[in-house]
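**Student:** Join these two chains into a complex; the hints should help.
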Amino acid sequence: MNGPADTAPRKRILVLDDEPIVCKRLKPAFQKAGYEVEAFTDSVQAMARVEQEHFDAVITDLKMEGVDGMHFLTRVKEVSPDTAVVVITGFATLETAKESFRKGAFDFVAKPFKLSDILDTVRRVLGGESRG
Amino acid sequence: MSLLAGLKDALAFWRPRKPPVPFAVQFKRFQIILERNNRILELMADMGDKLGGEYVFDRQYILTACERLADLVFKLISDLSVLTQRKNVELFLAFERIQHQIQEELAGRHSFPNLSLTLPLEELNRDLSEEAGNKLANLGDIKNVLGLAVPDGFVITTKAFFDFLEHNRLPGLVEEGLDRWDGKDEKALEELSRDIRRRILQGEVPRPVLAQITAKLEALGTRHDLRQALFAVRSSAWGEDTEFSFAGQYESVLGVPARRIAEAYKQVLASAYSPEAWRYRLHRGYLENEMAMAVGCQILVDAETSGGLYTYVPLSLEREAVVINAAWGLGAPVVDGTAETDTYVLERATPHAVRSLDTARKETMLVAAPGGGTMLAPVEEGRRNLPCLSPERMERLTQAAMAIERYYKRPQDVEWSFDRRGDLYLLQARPLNIRPSEPDFCPLPGEAMREAEVVFSGRGTVAQQGVAVGRVHIVREDDDLSDFPYGAILVTRYTSPRFSRVMRKAQGILTDVGSVTGHMATLAREYRVPTVVNTGVATTALREGEEITLDATQNTVFRGAIRELCRFELSEAEVFEESGEYRLLRRLLKRIAPLNLVDPHSENFKPSACRTFHDITRWIHERSVEALIGLSESHWRGIQATPRRLVTDIPLGLTVIDAEGGLSAGEGVREVRAEEVSSVPLAALLAGVGDSGMWGTDPVSVDLGSFMSSVTRTFTAASAEPRTMGRNLAVVSREYMNLHLRLGYHFTIVDAYISNRINDNYIYFRFLGGVTDFIRRSRRARCIAEILERQDFRVDVHGDLVVARIKKLSLRRMRQKMLVLGGLISYTRQLDVRLSSDEDIALHAEEFLQRIAPLLEV
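In order, the protein sequence lines correspond to chains Z and V.
Position 87 of the first sequence, counting from 1, maps to 191 under the working numbering, and the rest follow consecutively.
Position 5 of the second sequence, counting from 1, maps to 127 under the working numbering, and the rest follow consecutively.
Among these hints, one or two may not hold up.
Below, a list of computed lysine to any residue pairs in the SDA-like style, where the Cα atoms sit at most 25 Å apart [said to hold, decoys possible]:
| no. | chain 1 | residue 1 | chain 2 | residue 2 |
| --- | --- | --- | --- | --- |
| 1 | V | Lys172 | Z | Asp221 |
| 2 | V | Lys265 | V | Gly430 |
| 3 | Z | Lys218 | V | Lys265 |
| 4 | Z | Lys131 | V | Ile184 |
| 5 | Z | Lys218 | Z | Glu182 |
| 6 | V | Lys172 | Z | Gln135 |
| 7 | Z | Lys131 | V | Glu700 |
| 8 | Z | Lys167 | Z | Arg114 |
| 9 | Z | Lys131 | V | Lys627 |
| 10 | Z | Lys218 | V | Gly430 |
| 11 | V | Lys531 | Z | Pro124 |
| 12 | Z | Lys218 | V | Gly580 |
| 13 | Z | Lys167 | Z | Pro113 |
| 14 | V | Lys197 | V | Asn210 |
| 15 | V | Lys712 | V | Arg620 |
| 16 | Z | Lys167 | V | Arg190 |
| 17 | V | Lys728 | V | Lys265 |
| 18 | Z | Lys207 | Z | Met151 |
| 19 | V | Lys172 | V | Arg161 |
| 20 | Z | Lys167 | V | Gly230 |
| 21 | Z | Lys202 | Z | Asp186 |
| 22 | Z | Lys167 | V | Lys265 |
| 23 | Z | Lys218 | V | Leu185 |
Covered by chain Z, per the in silico footprint, the following chain V stretches (three or more residues, Cβ under 8 Å) [to be verified]:
| no. | region |
| --- | --- |
| 24 | 164-178 |
| 25 | 567-580 |
The following residues of chain Z were derived to be distant from chain V, with all beta-carbon distances above 10 Å [claimed, not checked]:
| no. | residue |
| --- | --- |
| 26 | Pro113 |
| 27 | Val126 |
| 28 | Gln135 |
| 29 | Lys136 |
| 30 | Tyr139 |
| 31 | Thr197 |
| 32 | Lys202 |
| 33 | Phe205 |
| 34 | Phe217 |
| 35 | Lys218 |
| 36 | Ser220 |
Rather than coming from a laboratory, the hints here were simulated on the basis of the structure.
Glycine included, C-beta positions come from ideal geometry on N, C-alpha and C.
Chain V extracted, bound-state conformation (with noise of 0.2 Å):
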């Protein structure tokens, strides 16, 4: 801010076009907006807990959060109109927006009704199986969540379907048709479907369906030679691949060129009419409005084999087993039972041991012809009776199906091929439903939980529910993840966010310490890993590779494994994660708590911008603390509290003002000691800068070209802030800080709430200016950086503007960070003119956190 810039600021304050508020009265307006910013995101955490599993909540509680949460975010746009003394409109309008579309999910009505025609693979997920059908919205999954290869390409959705019934006027002709049918008469239905199938092969595809399959197609050249490819065009209607599995009911078409996938796409559609799916929807009682297919389109692989997987067979609990279908060439032979297959069967736990290979003599296989269709080949004399499958293809393969499984908590129908150079795509999974018939032969896990060793229980909580059984593995705060092994258990000191790139390894996690509104919690759910988190003890009761059962839905943690207890979660009636109130609550999270303004710098940082309640509770909290920072700089005239001197050894020319028991001195005392001091977080900081006994009062020497260096900055950049010139403020309250420190030629901010709520807690640090040239300032930066970031602080550099942010740690842990931030305060003062090399960065660092190591023990 320019010199001017900041006089007319200042000015403009004291134009007195309205007498101003008190400051103790707009300080409590902030107190408020951060006590009702944090019990927002309570609500929100509270509701996503609910994902976790380990409640039982129904919709009313749905609808009871959704209503206050709404209140809240209401109230909350209403006193930061009051604090700032403006209207708000924009915000007012996201509020207004969001709400709307929460009020719609509540009603059942998708507030998001996604319009396209078509929809590429990576854009997939379970949230868009009415657009995309359940096939390829599992495949969606498959490949964006769980991170497995699914052939490329894309979906024409269920609207495109309706756009064809209604483009070829057929959704009349269809519900007189049934109208007319008495039930009963087989031939009459038979009549009716014959007539619309030959409308439907017959009919036009909407220009804008075609423009948008061109469209895809298109950006499938980009990575594909289209003029080689052939394409596998599937079915993927609403209830396909669902607890109904309408397996082999609708069809695929196999081996198409990019030029006719219109054709296949009318012979897919057609299928929907056949007779045979027309009377299995019939059955099972789907209405007619309950018919919509997908159909999607990708690349047909190479395959050297193919086949299909279950994830298990339905055997007694000593015999449970993973069963491998194979052939050469392509799967669908292998699928519908028409061909010789290998069938390998395998160990269900980790590493997936062989136990038996049974290879069959295998005459001919299912290859693309070329320029389109399929065709049957004759094998190679010398491959006939080999298995087409390597152990080492079959152990990749079955961990694949394994994630699958673990994923959906049922067992899985896989479908696969390995192409020619060795790489596995995933084809399709849908559930496979087992019921044990008889209980004696499936014991219920009542008896193996009596006997089984219980390690810890009810400690901690739960992240995501669900069972695993695997092997402990530790991992200390600096391991290296690389080498984590497939089906472990993850048991840590802390959560991290950085566990994230072994969710699809490990069967579960479990942590000492952390919260389940943190982000790892968030990623385990997603993952659906069933995690439980700060329990304490887990890794000092577990030992590393010892194999354990835990049980993260009753939060239990067995020595030794008990299998009784994963097969009766893949056999329960209904998979959580499956029910309405489930997913409606997940649907209503995706309007609530994702956080899109996350970049206060960035020009996206506005209301307008607001997609989410937390959106307008971060723009809110940001808005009010700029506030308050206003109010306090240009306003400490004004306020009415008596600002008071510090008296300190070491000079820190601060000012205090206390808005609400951060100060234990009396009434109209002009000056107070640091006993005095009951703010919680300036306390903490001052005994940093104190007790850590580096504020150094030896001389530094400054060679002659930094200190020319700073005799021209003194009159540059290091003055441009002339309203805080050799005045430092602190406004405190017992829980908070607002902390503008200039020592020097550095300019710090700290602004940090400190309590026994986890969850409010946090601290802001910025730090910018120094003597120097720009290379040392920036030198210092890094520095700083670098020790904040071994003190977890979440940092940014910009030049020579640091900025750190810490959060949601205990209290402890908290003071001990504002220790951190007192002494690096002080260390720091000439820092900049000490580091005249690269390497001195990385040593200084180390001397700092060396230093203040004492202090962090107590």
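With the rest of the complex left out, here is chain Z (with noise of 0.2 Å):
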């Protein structure tokens, strides 16, 4: 793990659930492993975030109360079209899949997930380190 000098600024996340305890999984997961981390369960709140800030990373569930994660994905994919988006879903299904990756997303993740496998998810995205 021996990664490059420390100069660049954290990479950061978003992650999106409406699940509190995948953000409560999730966001000290991806602290440990040395990114910025903000966690929402409120989609609202979440695309407020997007619009005002640069995400690295978003990381959405697709099937949410009141919410289309599809939609959530889009909405990013227009704002910060370089922003990679990684799709949980535990509604995982060859269709929803398709669609997701149609839409620009660049992983699709079943739930339950290891922690192990979206922090290697996240970090092939984002360029193998934390730091770029």
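**Tutor:** What follows is the structure, encoded as structure tokens:
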């Protein structure tokens, strides 16, 4: 895990899942790995943050109470095309996976997933290390 | 079974009430049962895995898994009904019962409302925090899981609290009072508080509660002299000692004689309505119906020294430490800060070296007053300036406190006493919340992790998440565990439940081989020891004594100590094990996974005794294997598949019925050769019988005594199974074998399933019978048992009956076990004749193991 020198700022990640447990577990896991993390259970607040600030990666659930994750994904890509989006969902079907990719998702992870798997996915998209 | 009964059974079968179902159909049904049985076990294991912490899951997962599981179990019962042609009403009722409990849990209602008014400490654990309050539930874990001493006693439950309020008509008064209160007028709140407390103190403890207190005191009276003993009567409210400490809000009454417990009880209850406690709750948004007060009644420790301990003082990383405050006598003045105390600072890292000692002059101490209550007494002149803990006691205390910290994954604030005999008692433990305020002061572990050398990562499976820093201690198979070093990380080749012995000492566990569904993984979760199994490399990649950091959450092992990781874990916003989803899944699994039906010979091995889905599954498995054996034994004539004679050099006299893919011989051929056996278990067994070279054609000299015995036995027990006389039978498929083998007078059953799916694999072996006298037969049984135990089987011996089981090993290792059984069948053919003394048992076991060894190396 010998990484590059610590010069660049920390990479930023936003997590959106209406299940608080997912946020509570992902946030410290990514912090531990050296990322800056903001986690939201409310999509309106999350969207507002995405419009304010640049995030290197967004991790979002697809099926949430009252919100369509697919819509959120589309909006993120409109506002910030270079933000990598990882979709996590408990209702993984081939159709939803295809649609996510069409809408610009970088990867699609079915719940439940291992912490190490989601960390690897994000490392892959952000170029291996949490600092660029 | 008597000859007559056997004949009756055989005849009963031919009573043609219904046309018999073709055997192939029945066997197919049996395989479906096995298949479903395995899917259930896998799903249960999968749910259990989620408790390990490696996975992120949400409520939806829990709902879906429960639904799938119920569906599978229901279908399994239906399968059995088809196989045995019975309705299985009892099983369906058991299913409904369990399913109802699960639904109640999912709906947020505890399906097991514990209606006890009191509970003994030995029954308490975290799952009873609703009944016992958090403080006593924590003490239950400390005593019952961590094995640390807490003062003997019991808890008067929250149920008793509600009964007390109801009995004294208080809930209405509280409610009306709060309704009237405008939320601001402090005077009015104090007035209300005074009124409620007065009513509690003058109130009557309901008779059933008093009766229960008396009963618990009687039980304690068998262990303590209650005329002498004094009690500590302490609050244990909902929410107390959690993230809101409520520290000092509720009252404890010390030095209470047994006869005055009811009075002290009321005093503690009343303290729930003090203006301070009430305000504390109101400020933190507690609803009035979230107030419930259980009360612990524990024997007051005859304390020589007492005090408090913080496992973590949030100094900078280099300076993080354990701090102990101590004084002579009872601990109350230390905790409320009214006494001069010694302060000791120790290293958090093992072996907890003392960093500084600050000994105060201690003039007075709190002691129990004769006849009840407490009082201040002068400390003898000679002891005033002495430190009140020896280094040995400091270390013992720190080890205990660190065990509590590791379990709760939070720094702890611990209250403790050493009694006059030098025994340590834990009185209370509550989490200390540390929130690093300055990020620079407390660097994130990311940087440190990048610097560190990764020994291995992503190998094996996490059985229990968490972070551990410690020195590697490699344990070989036969190593003694009694000298396992405190705080080490256990590194070993195989998982084994015998490691439960060291789980209270080990910081973490790494194994080369093993599954997360095994017994050891369950124990690791129980003790919350960070554990990764099946890494493949742990014992070779790590050296004895080197310091490592095991991050069992991200499944990585680093060389050296990364203390930032430990600190990060201790300051995480929420401990995974405290999350609602974790607790729900854990409660659900209690209705699903424990196995109560362990002994098929027990009276309780029946459908109505099934308390979990696992029980139902187990019963059905046993019943369906029995049904299949019954079918193949008594029914083989009706079997549609062609029975073939197996032609081998060794005269086994074996008829093989191939249900599916077990033989490669063509249709209609009446004889098969060993090479044509494609059934994995049978092929391996035959290889063991033949290649071991142990069939032994040499005539065995039989002394006259055993010969005579064998003659008489020939006409008694040995002929009790007339139907299978001279006919050996195996029903096989590609992965399965059900073998009934009678050789001489030995009767062997082997039932085995061996495939690439480790979780499905099992071997069941049963051995019975023989010529000669009973003593020699039991010697042989013990010899077989010794051999099989050393080959990792779980073995039961009843007289001359040996039952051995093994399961969940890889295909390769299962085949090795079948080779061993094959060899054993050959070797033991006339073994009893040779075992003329007890010493011969070990000799022959050793000889066998040496002779079989070359076969297993291939």
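**Student:** Now tell me if each hint is right for this structure.
**Tutor:** Status of the hints after comparison with the structure:
1. The hinted pair formed by Lys172 of chain V and Asp221 of chain Z meets the criterion: a straight-line CA distance of about 15 Å does not exceed 25 Å.
2. Only pairs whose Cα atoms come within 25 Å are accepted, and Lys265 of chain V paired with Gly430 of chain V is accepted, the gap being roughly 18 Å.
3. A threshold of 25 Å between alpha carbons decides the hint, and for Lys218 of chain Z with Lys265 of chain V the separation of about 33 Å lies outside it, so the pair is violated.
4. As the CA atoms of Lys131 of chain Z and Ile184 of chain V are separated by approximately 21 Å, the hinted pair is consistent with the 25 Å bound.
5. At roughly 30 Å between alpha-carbon atoms, Lys218 of chain Z and Glu182 of chain Z are farther apart than 25 Å, so this suggested pair is violated.
6. A C-alpha spacing of about 22 Å is found between Lys172 of chain V and Gln135 of chain Z, which places the hinted pair at or below 25 Å, so the restraint holds.
7. Straight-line distance between C-alpha atoms of Lys131 of chain Z and Glu700 of chain V comes to about 16 Å, which keeps the hinted pair within the 25 Å bound.
8. Under the criterion of a C-alpha separation no larger than 25 Å, the hint pairing Lys167 of chain Z with Arg114 of chain Z is inconsistent with the structure, at around 29 Å.
9. At most 25 Å may separate the alpha-carbon atoms for a hinted pair to count; Lys131 of chain Z and Lys627 of chain V exceed this at roughly 31 Å.
10. Only pairs whose Cα atoms come within 25 Å are accepted, and Lys218 of chain Z paired with Gly430 of chain V is rejected, the gap being roughly 39 Å.
11. Between Lys531 of chain V and Pro124 of chain Z the CA atoms are separated by roughly 20 Å; this keeps the pair inside 25 Å, and the hint holds.
12. Between Lys218 of chain Z and Gly580 of chain V the alpha-carbon distance is near 11 Å, which keeps this suggested pair within the 25 Å criterion.
13. For the given pair, Lys167 of chain Z sits about 32 Å from Pro113 of chain Z by alpha-carbon distance, which is inconsistent with the 25 Å threshold.
14. With a C-alpha separation of about 12 Å, the suggested pairing of Lys197 of chain V with Asn210 of chain V holds against the 25 Å cut-off.
15. Of the pairs offered as hints, the one joining Lys712 of chain V and Arg620 of chain V holds, with about 23 Å between alpha carbons and a cut-off of 25 Å not exceeded.
16. A threshold of 25 Å between alpha carbons decides the hint, and for Lys167 of chain Z with Arg190 of chain V the separation of about 20 Å falls inside it, so the pair holds.
17. Between Lys728 of chain V and Lys265 of chain V the alpha-carbon distance is near 34 Å, which puts this suggested pair outside the 25 Å criterion.
18. The hinted pair formed by Lys207 of chain Z and Met151 of chain Z meets the criterion: a straight-line CA distance of about 17 Å does not exceed 25 Å.
19. Straight-line distance between C-alpha atoms of Lys172 of chain V and Arg161 of chain V comes to about 17 Å, which keeps the hinted pair within the 25 Å bound.
20. Restraint check for Lys167 of chain Z and Gly230 of chain V: satisfied, since their Cα atoms lie roughly 23 Å apart, inside the 25 Å limit.
21. A distance of roughly 20 Å separates the Cα atoms of Lys202 of chain Z and Asp186 of chain Z; the hinted pair therefore holds under the 25 Å criterion.
22. Between Lys167 of chain Z and Lys265 of chain V the alpha-carbon distance is near 44 Å, which puts this suggested pair outside the 25 Å criterion.
23. Between Lys218 of chain Z and Leu185 of chain V the alpha-carbon distance is near 19 Å, which keeps this suggested pair within the 25 Å criterion.
24. A count of 4 residues in the region 164-178 of chain V with a Cβ less than 8 Å from any Cβ of chain Z is obtained; the coverage claim is therefore met, three being the minimum.
25. For a cut-off of 8 Å, the count of residues in the region 567-580 of chain V with a CB near a CB of chain Z stands at 9, and the three-residue condition holds.
26. Every CB of chain V is more than 10 Å from the CB of Pro113 of chain Z (nearest about 13 Å), matching its label as outside the interface.
27. The non-interface label for Val126 of chain Z is inconsistent with chain V: the shortest C-beta to C-beta separation is roughly 6 Å, within 10 Å.
28. Not every Cβ of chain V is farther than 10 Å from the Cβ of Gln135 of chain Z; the closest lies at roughly 6 Å, contradicting the non-interface assignment.
29. With a least beta-carbon separation of about 5 Å from chain V, Lys136 of chain Z fails to lie farther than 10 Å from that chain, contradicting its non-interface assignment.
30. In this structure Tyr139 of chain Z is not separated from chain V by more than 10 Å, as the shortest Cβ-Cβ distance comes to only about 8 Å.
31. Taking the minimum C-beta to C-beta distance to chain V, about 14 Å, the non-interface status of Thr197 of chain Z holds against the 10 Å cut.
32. For Lys202 of chain Z, the non-interface assignment is confirmed: its Cβ lies about 22 Å from the closest Cβ of chain V, beyond the 10 Å cut-off.
33. Annotated as non-interface, Phe205 of chain Z keeps its C-beta farther than 10 Å from every C-beta of chain V; the closest such distance is 22 Å.
34. With a cut of 10 Å on Cβ distances, Phe217 of chain Z falls inside the contact zone with chain V, its closest approach being about 6 Å.
35. Separation of Lys218 of chain Z from chain V is inadequate, the least Cβ-Cβ distance of about 5 Å not exceeding the 10 Å criterion.
36. Its closest Cβ contact with chain V, about 5 Å, brings Ser220 of chain Z to no more than 10 Å, contrary to its assignment away from the interface.
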